[in-house]
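Undergrad: The chain contents come next:
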Amino acid sequence: MNIAIINTTDIPLTDKDFNNDKVSIVNTRIIDLKYCEGCFECWTKTPGLCVHFDDMPKILQTIMNSDLTVYISDVKIGFISSELKKVLDKTLPLMHPYFDISHGEVHHKARYDRYPEIALVLIENQEISSSAYNIIENWFARVSYNMMTNVKFVIKDDTPLGGLKNEISNH
Amino acid sequence: MKLVIINGSPRGKESNSNVITNWIATGIVKSTQVNKISAIKTDFQRGAKDSTKIIESMQLDKFYTANINTHREAVDSIEDNSTVVVVFPLYGDAMPAITKLFFEELEIIANKKENVKMYYIVHSGFKGANHCRAVERYLVYLTDYLGFKYMGTAIKPGSEGLRLTPVENLLDFTNDFYSLSKDIAKGSDFDVNTLKRLVGFEFPSEEYKIGIKQSNGNTGYFSRILKQNNAFTKCFDKPYQRKSKKSY
Ligand SMILES: Cc1cc2nc3c(=O)[nH]c(=O)nc-3n(C[C@H](O)[C@H](O)[C@H](O)COP(=O)(O)O)c2cc1C
Numbered sequence: 001m002n003i004a005i006i007n008t009t010d011i012p013l014t015d016k017d018f019n020n021d022k023v024s025i026v027n028t029r030i031i032d033l034k035y036c037e038g039c040f041e042c043w044t045k046t047p048g049l050c051v052h053f054d055d056m057p058k059i060l061q062t063i064m065n066s067d068l069t070v071y072i073s074d075v076k077i078g079f080i081s082s083e084l085k086k087v088l089d090k091t092l093p094l095m096h097p098y099f100d101i102s103h104g105e106v107h108h109k110a111r112y113d114r115y116p117e118i119a120l121v122l123i124e125n126q127e128i129s130s131s132a133y134n135i136i137e138n139w140f141a142r143v144s145y146n147m148m149t150n151v152k153f154v155i156k157d158d159t160p161l162g163g164l165k166n167e168i169s170n171h
Numbered sequence: 001m002k003l004v005i006i007n008g009s010p011r012g013k014e015s016n017s018n019v020i021t022n023w024i025a026t027g028i029v030k031s032t033q034v035n036k037i038s039a040i041k042t043d044f045q046r047g048a049k050d051s052t053k054i055i056e057s058m059q060l061d062k063f064y065t066a067n068i069n070t071h072r073e074a075v076d077s078i079e080d081n082s083t084v085v086v087v088f089p090l091y092g093d094a095m096p097a098i099t100k101l102f103f104e105e106l107e108i109i110a111n112k113k114e115n116v117k118m119y120y121i122v123h124s125g126f127k128g129a130n131h132c133r134a135v136e137r138y139l140v141y142l143t144d145y146l147g148f149k150y151m152g153t154a155i156k157p158g159s160e161g162l163r164l165t166p167v168e169n170l171l172d173f174t175n176d177f178y179s180l181s182k183d184i185a186k187g188s189d190f191d192v193n194t195l196k197r198l199v200g201f202e203f204p205s206e207e208y209k210i211g212i213k214q215s216n217g218n219t220g221y222f223s224r225i226l227k228q229n230n231a232f233t234k235c236f237d238k239p240y241q242r243k244s245k246k247s248y
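As given, the protein sequences belong to chains A and B, one line each in that order.
Once you know that position 12 of the first sequence is 12 in this note's numbering, the rest is easy, because the numbers rise by one and skip nothing.
Once you know that position 108 of the second sequence is 108 in this note's numbering, the rest is easy, because the numbers rise by one and skip nothing.
Calculated directly from the structure, the hints in this document are not laboratory data.
Keep in mind that a hint or two might mislead.
[What the hints assert, rightly or not] A short, non-exhaustive set of chain B residues, derived as facing chain A with CB atoms under 8 angstroms:
hint, residue
1, S9
2, G92
3, D93
4, G128
5, Y138
6, A231
7, K234
8, D237
9, P239
[What the hints assert, rightly or not] Label pairs and their in silico Cβ distance ranges:
hint, chain 1, residue 1, chain 2, residue 2, range
10, A, N134, B, E202, 18 to 28 angstroms
11, A, N138, B, N229, 32 to 42 angstroms
12, A, S169, B, G161, 42 to 52 angstroms
13, A, H52, B, G220, 24 to 34 angstroms
14, A, D15, B, L164, 45 to 55 angstroms
15, A, I101, B, D191, 30 to 40 angstroms
16, A, N138, B, V192, 19 to 29 angstroms
17, B, V140, A, I101, 22 to 32 angstroms
It should be emphasised that the depicted structure is a prediction, and the values quoted were computed from it without experimental measurement.
Yeah, the Cβ is synthetic: ideal placement off N, Cα and C, and Gly gets one too.
Modelling step: build the complete structure from the supplied sequences, incorporating the hints.
TA: See the structure below:
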C-alpha cells in the first residue's frame with residue numbers, strides 16, 4: 001500500500017523517519033505553494049491543472065499515487081491550520097466540474113477512477129478540546145465526501161510521528 | 001458604532017462575496033436613515049481598505065482577506081464594542097485558506113476586546129445548506145474562543161452566479177440581505193424567517209438528484225465556459241493519473 005504523507009507543520013519529516021519505501025513525504029513548508037485564487041481555470045482552461053505555477057503538482061501527483069494520504073496539521077484556533085487548508089483548496093483540479101451524487105448530496109464528479117483514502121494527524125501544541133476535535137472530525141468526513149473517498153483515521157498527537165507510525169503499521 | 005466588514009473571498013473585489021458585502025454595507029447605510037447618503041458616496045470598490053464615515057457616530061471599514069498585507073490592519077481595526085461581519089465563500093466545506101489565515105491572526109486580540117459582536121455570512125456554490133453546516137459549527141467555536149459575541153450565521157447556497165446576474169433579477173436576495181443589515185445595525189440576532197428564505201433547502205430533492213444523474217452531472221455552465229476556452233475536448237483529462245513512485 002502506497003502512503004502519501006503531506007506534512008504541513010514546520011517540523012520536517014524524512015524518509016528515515018519511516019524507513020519504508022511505500023511512504024512518500026512532502027513537507028509543504030519548504031516548497032513554494034500559492035493560495036488558490038478561485039479562478040476555476042483548472043476546470044475551464046487547462047482541465048485538471050492549476051494555471052498558477054508553484055510546487056502543488058508534486059503534492060497532487062504524490063496524492064494520486066497513494067492508496068492512503070495522511071495530512072498532518074497543527075491545530076490553530078480550534079481548526080486545521082491555514083497551511084493545510086491551502087493544500088486542500090488546491091486539490092480542486094483533482095475533481096471534475098460536473099456534478100454527481102455522493103452521500104445523498106450533490107458534489108463534484110470524480111475526474112479519476114479512484115482516489116486514496118484520507119487520514120488526519122492533528123498536532124496538539126495546546127490541548128485540543130473535545131468540541132474542537134469533534135468539529136474537525138465532522139468536517140474532515142465532509143472532505144472525504146468531496147473527494148469521493150473515506151476517512152481511514154483522525155488522531156491527535158503531540159508530535160507528527162509517534163501515533164502516525166503506529167497507525168501506519170496497523171494498516 | 002464601529003463596523004468592520006471582512007470580505008473573505010480569494011477573488012477579492014471580483015467576487016460574489018463583494019456583491020453581498022456591498023448589499024450589507026448599503027443596507028446598513030439605509031437603515032441608519034441619514035439623508036446625507038449621496039454626500040457620503042460610498043464606493044466599496046476602491047483601495048485595499050474602504051473606509052466610510054456613515055454618520056458621526058458610525059464608522060465602517062471594509063477589508064479583503066485576499067490582500068494578506070492588510071490582515072494586521074483589519075485585526076487592529078476591531079475595537080471594543082465593534083460589530084464585525086465576515087462574508088466568505090465555502091471552500092472545501094470550510095473557509096478559504098486565506099480567510100483561515102486571517103482568523104489565526106485574530107488570536108492576538110482573543111479575550112482582549114469588550115463586547116465585539118460577530119456576524120457571519122457563508123455562501124456556497126452548491127445548493128443545499130447542509131454543505132455549510134460543518135463550518136457553521138466551527139464559527140460558533142471560533143467566536144467563543146476569541147471571547148466575542150456570536151450573533152449568527154446566514155447561509156446562502158447557490159451563490160456562484162451572483163456576480164454575473166443582472167441586479168434586477170436579484171431583487172429578492174437584495175431585500176433579504178437588506179433585512180440582515182437592519183438586524184446588524186440594530187445589534188440584534190438575524191431574523192429567522194430571512195435566514196430560512198436564504199437557505200432554501202437543506203438537502204436536494206429526489207427530482208433534482210435524478211436530473212443530475214440523467215444529465216451526467218452536466219449543468220451547462222462549465223461546459224459553456226470550456227467550449228469558449230477551446231478546452232472542452234480536454235475536460236476529462238487525468239494529468240495526475242497514478243504513476244509508479246520512481247517515475248516522477
Ligand atoms: C477551491 C474551491 C473550493 C470550493 N469548495 C466548495 C465547496 O466545498 N462547496 C460548495 O458548495 N462550493 C465550493 N466552491 C464554490 C464557491 O463557494 C462558489 O463559487 C462561490 O460563489 C465563490 O464566491 P466568491 O466569488 O465570493 O469567491 C469552491 C470553490 C473553489 C474555488
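Undergrad: Which constraints among the numbered hints does this structure fail? Numbers only, ascending.
TA: Hints that this structure does not satisfy do not exist here, as all of them hold.
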